[in-house]
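Following the hints, put chain B in place on chain A, whose structure we already have.
As a plain string of letters, each chain reads:
Number of protein chains: 2
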Amino acid sequence: MRTLRIAAAQLGPIARDEPRSEVVARLIDLLHGAAEAGCQLVVFPELALTTFFPRWHLDDGEGDEITGDLTELDSYYETSMPNAVTQPLFDEAQRLGVGFSLGYAEMTSDGRRFNTTILVERDGSVVGHYRKVHIPGHETHEPEREFQHLERRYFEESQEGFGVYSAFGGVVGMATCNDRRWPETYRVMGLQGVELIMIGYNTPIYYAPDPGQNLLQGFHNHLVMQAGAYQNGTWVVGVAKGGTEEGVESLAQSAIIAPSGQIAAQAVTTGDELVIATCDLDWCKQYKETLFDFDRYRRPEMYGLITSRKGAISP
Amino acid sequence: MRTLRIAAAQLGPIARDEPRSEVVARLIDLLHGAAEAGCQLVVFPELALTTFFPRWHLDDGEGDEITGDLTELDSYYETSMPNAVTQPLFDEAQRLGVGFSLGYAEMTSDGRRFNTTILVERDGSVVGHYRKVHIPGHETHEPEREFQHLERRYFEESQEGFGVYSAFGGVVGMATCNDRRWPETYRVMGLQGVELIMIGYNTPIYYAPDPGQNLLQGFHNHLVMQAGAYQNGTWVVGVAKGGTEEGVESLAQSAIIAPSGQIAAQAVTTGDELVIATCDLDWCKQYKETLFDFDRYRRPEMYGLITSRKGAISP
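Sequence order for the protein chains is A and B.
Residue numbers for the first sequence follow this note's numbering, beginning at 1 and rising by one.
Residue numbers for the second sequence follow this note's numbering, beginning at 1 and rising by one.
Derived from the structure by calculation, the hints contain no laboratory data.
Glycine is no exception: its CB is placed at the ideal position from the N, C-alpha and C atoms.
No incorrect hints appear here.
If the Cβ cut is set under 7 Å, some of the chain A residues that face chain B in the computed set are: (1) Ser166; (2) Leu223; (3) Gly261; (4) Gly304; (5) Lys310; (6) Pro315.
Pulled out of the complex, with its shape left as it was, chain A reads as follows (with noise of 0.2 Å):
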């Protein structure tokens, strides 16, 4: 057993005008609450510090470039983390002895823009970073949506990938929001022996380019990350920036989901809440180890194209 206490800490909305150090105090109060209730790990979610500014567009520019008073788009980005208005989170999650993940909006010291996640050990240390690698949504202002989804306008692609990394007794990973729905993410990781995968997300209820797959959000959210852990004999941990934020209602039914795919834990309210299970990575083996022991099964040569090809091609 290498059991290892979770707390998936859900948030609610966030206001456009809530300054950070709100939201910042909303954060030391779930880690509290996790903290109470045993938990070595809490997981924030997708760009937790701030609303989700990519409903919005923010700036003048026309096409891909990004132009004009970036006054509020730039407000939304972190040059260092931590920073003056984070540091009480990571002091009190140190001086608790508690490791976590932040998502948040990164601006690099040459001004690249990525939608980064960070995880701190539970002695403070920074353990990595993970940038996101699918980024959804479009690149230019679209008059006619009733909301943006301009993430491919605000955010550039990683180009570093699906780390691992050795921490809190096991192999752990992250990923973002959209990266949950490509079953590339979760193999990646699973081929560097992943056992716990932290997955932080905004999902709007309403999706522009098909409505139709609104009412199918809830089932879509949870059967790509059930697909993911049981396919890879991994823990996932996903968790949500949920319910109605500046008019947007998004998904929440945040879940901490065991190797077997199946849900150990879900949020029941679209508001700040803390999900909790007790995981132990080494059931991670139980799949690992028969029915995807990837040595034994895995065929590698017939997926050529996975990696030689982007886009589908038809006969």
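Chain B only, in chain A's frame:
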């Protein structure tokens, strides 16, 4: 709308001593039912002509070599398809204008053994063959097991992989049993624009390497096919040989799954049963051209390990 009315023709048990002619009569009964219900395509299970013989150690060989009196073992393989005993099924399907896929054990002229499926168009022409890629089970007799799963002894792995075909008004492909648990199966066909995947299976409920999975067999069966359908925007038809065959209980639960991942129709018995749905192949576009627009959103340069590495290597 490109609608295709499909029947998953689930089979109940086939006894060890049941003559193939009787099995073919059952297949023809199902074919008639499907034709009466207006179907254009009938999907039969894996190894649909005989009992699931990999549950017995039938040769005298040790290690990987198959030796000794092979009278019974070899009797389960087809050396040509169609052949005298299956010709009535082919003839009747052609007469009715109904296409079908049919799984069987194939013995090539040079003595190679494959777990094969043949696909036949409505006019009786052979569209193609699929040989199983992911062979589960074990290579040598394991006497401590209550029953064997000697597929890795009795079948070679395919060297051809997952092709797709322009047939039945769309792009179609095949997979077999254990293949359905591997996301690569669906993805390789998804990258070829597949709109319909036909999957036959024989799945014993009892899984000797980890009986803790027994009660999850039904959940896992649907989970992997639903995820594969959704993540590739394709119809999936999963069809079982189910029920208690020669004392071994097998999963039934045949299903027709939409590109949304939803189960459109499913079996309610464990015996011979038709599961029927009208499948609009154009509906695949709702996923292939939005969320899963591969050309826009995939990141193959981040997926290298999937083809460069077979087994998992932890950091």
